[in-house]
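**Q** Residue numbers (the numbering used here), protein chains in the order written: chain Y, 798 to 1038; chain C, 19 to 585.
It should be emphasised that the hints constitute simulated quantities derived from the structure, not laboratory data. Just to be clear, a hint being listed does not mean it is correct.
[Stated by the list, open to error] Covered stretches of chain C (in silico footprint by chain Y; criterion: 3 or more residues with CB under 8 Å from a CB of chain Y, positions within the stretch not fixed): (1) 146–156; (2) 197–210; (3) 235–246; (4) 333–343.
For each residue, glycine too, the CB sits at the ideal point set by N, CA and C.
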Amino acid sequence: MDTFLWVVFPYICLAVFVVGHYWRWTYDKFGWTTRSSQLYENRLLRWGSPLFHFGMLGVIGGHVIGLIIPKSWTEAVGVSQELYHFLAVSLGGVAGLATVVGLAILVYRRRTVGPVFMATTRMDKTMYALLAAVILLGLWNTVASSIFGHYDYREGVSPWFRSIFTLQPDASLIADAPIGFRLHALLAFALFALWPFTRLVHVFSAPIGYLTRPYIVYRSRDEAREGSRAPQRGWEKAGRP
Amino acid sequence: MRPMAQMAMVMNLDKCIGCHTCSVTCKQAWTNRSGMEYVWFNNVETRPGLGYPRTYEDQDTWQGGWVRKGNGRLTLRSGGRWKKLATIFSNPKLPGIEDYYEPWTYDYETLLNSPATQTFPVATPKSLITGKDINIRWSANWDDDLGGSLEHATRDPMLKGIEDKVKFEFEQTFMFYLPRICEHCLNPSCAASCPSGAIYKRSEDGIVLVDQDKCRGWRMCVSGCPYKKIYFNHRTGKAEKCTFCYPRIEVGIPTVCSETCVGRLRYLGLVLYDADRVLEAASVENDHDLYEAQRSILLDPDDPEVRREAERAGIPADWIEAARRSPVHKLINTYKVALPLHPEYRTMPMVWYIPPLSPVVDVIKDTGHDAEDRHNLFAAIDTLRIPVEYLANLFTAGDTAPVDSVLRKLAAMRSYMRDINLGRDPDDSIPESVGMDGESLYEMFRLLALAKYDERYVIPTAHVEQAHALEELATECALDYDGGPGMMGESGPFGEGSGELTPVAVENFQMLKQRQTADSMSGARSAESGGEDSGRGRLRGRLNLLNWDGKGSPTGLFPKRSPEEDE
Ligand code: SF4
Ligand code: SF4
């Protein structure tokens, strides 16, 4: 059972993540968008969206440090266990709180603003539920681990996570982590599997190239269109009465 | 010098009657889809008025277009690249649906299913955004014909500086219509605002397009365009804009809005411009110099040097030839009567306007004077400062001198042509007074007043080598069916309407062209030969009623008579 949960399941999810994105990129570039609903409503979005997204950037940054960089490395550069823990809880807490508050505003907005709710697909709802669960569990772990008892995830969860990517998966590393951590990890992998089929794909379009490209883009017609092609999604057939 | 070709348009505002035909046909062709209900690639505004979306010209609020920085360089008014990325999660300058209007339809069910009642049943308006009942408060042309202007029009951003002088009492005001499409700018700020680089300018003909596969819905272009001519499709989450009807232009057919214009006021043609000097021209210091700067980067296709360079830049010979015949080039640079809309946004817009003389003419007429007399007209242009200042705010960043000069030319044309029409000797002092000669004034009259179809539209086709790749022609099967299994007047193998679609534009083109270029109404004979000409029409035995002008009985209108009856 442990092997399935902590070895097989993550690999399945990662495979779906990679293949799913490839498939989506090949067949559905047209659907690859943020599907912004700002046009309908801006008062709540103006607060909720930046809070959530910037919080999320902080959270992701924190995870990269916490999961990828081994404990021995940070200690080698002189960051003590206490200092690290303090930074992780305080900065992580702030980012996590911003994310949760932003998410709460956004979910409230989705539910109560008529047009926004109408534009919400079933996939969106599933994704929102999963994302919220992962985020809340994560925040709970941060809070709980600093109030009750002490679990150093950098001794358990992080090595396990790395072991997946070094292709030497070791389920025993995470098996005795507190339930909150284990659930967080499981649901996060489930989210990875769902990712390519949701609007989350827009994460991979973060337009970094904008900073360096020339302002005006010129393109030749030949390059723009080769031959006739099947009607694109998004162009509805003109209906006959 | 680096010549590039640009498809451009000129609209002659004196002829616009505000019928909105262009808007409706464009909508039918391009934006009659869900998610685009509120979108008008072409809209017609009554000026003075708020426009669509409301007060879009107020760049202090909307922050569209470019500004010149202290060091002489251009930057996007809403901030540079870093600022754009920092505000990507919530664009602070995005117009909301309420700034356009909430689209609606009517619940016609209630009319059809109504039992007999004392009073008429009413179809209630339903929002196309929420599906709920709505109270209609605004639309894309709510202040049409100055409707409600006493209340709203003072908020027109272009009245700045003259607001206390413009009267909105019906008898004292002036009014004209301003049809607007995307300007297909030489220095498009929409493209510059797009974080994904999805908006591009076609290097062949300068048409600005959004790559739907690359757009990620960041919405920066919507706020970046000072004309607010990029729209967010809220169903697909992608930006869409006027395409200059490129599938039609590529095969040499005018855009839908031009083709269907009742007043025949739109001109289409190529201009050649010097791509190396665009930025320099867009960055001149004084706003008042922008019109001249923009005009000066357009190259003269009659200059052999220009032609040589253009050829070297890979512009095909027939395109250069088309640029020489281009009505747009003539109106902008030869007669100098077309002005750009809001050059102060520094995007170098490529839809130009001939400002209307009608506010001036109307005043003279109302006072009972001769509105075709040159002296009256010139005097009126000099005294009627308010309309002139208003026009200058629209077309020359507030500089009245170019507007004056255009209006004088139009006035001169008016009185010069009256003499000719009345059979008097033309008075050559009239063209001289506006710095023209009689011949060119007459040529200008031909182009503006007679406006023949093939003089209005000079559109070189995309190259034949590529013709098969073009969407409009790619449906060859339409021909393959002729005489095939689908005879007996049916259009496809499985009966009426089956099989591939016929490219309507192509089908209509030949017939329309014939009709529009003919000097008389097409009678029975010409309609018939029109049918013969387009083999497809004849073989199918069908008639496109849209092309029939009510004269004669073209083939296919009535079922074939039996031979005896024909005797
Ligand atoms: S008018 Fe057209 S080309 Fe110019 S900035 Fe706006 S959308 Fe872009
Ligand atoms: S050029 Fe075509 S797409 Fe653009 S406004 Fe005219 S009809 Fe619409």
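**Q** State for each hint whether it applies.
**A** Consistency of the hints with the structure:
no.	hint	in the structure
1	146–156	holds (count 4)
2	197–210	holds (count 4)
3	235–246	holds (count 3)
4	333–343	violated (count 0)
Checked against the numbered hints listed earlier, the structure breaks hint 4 alone; every other hint is satisfied.
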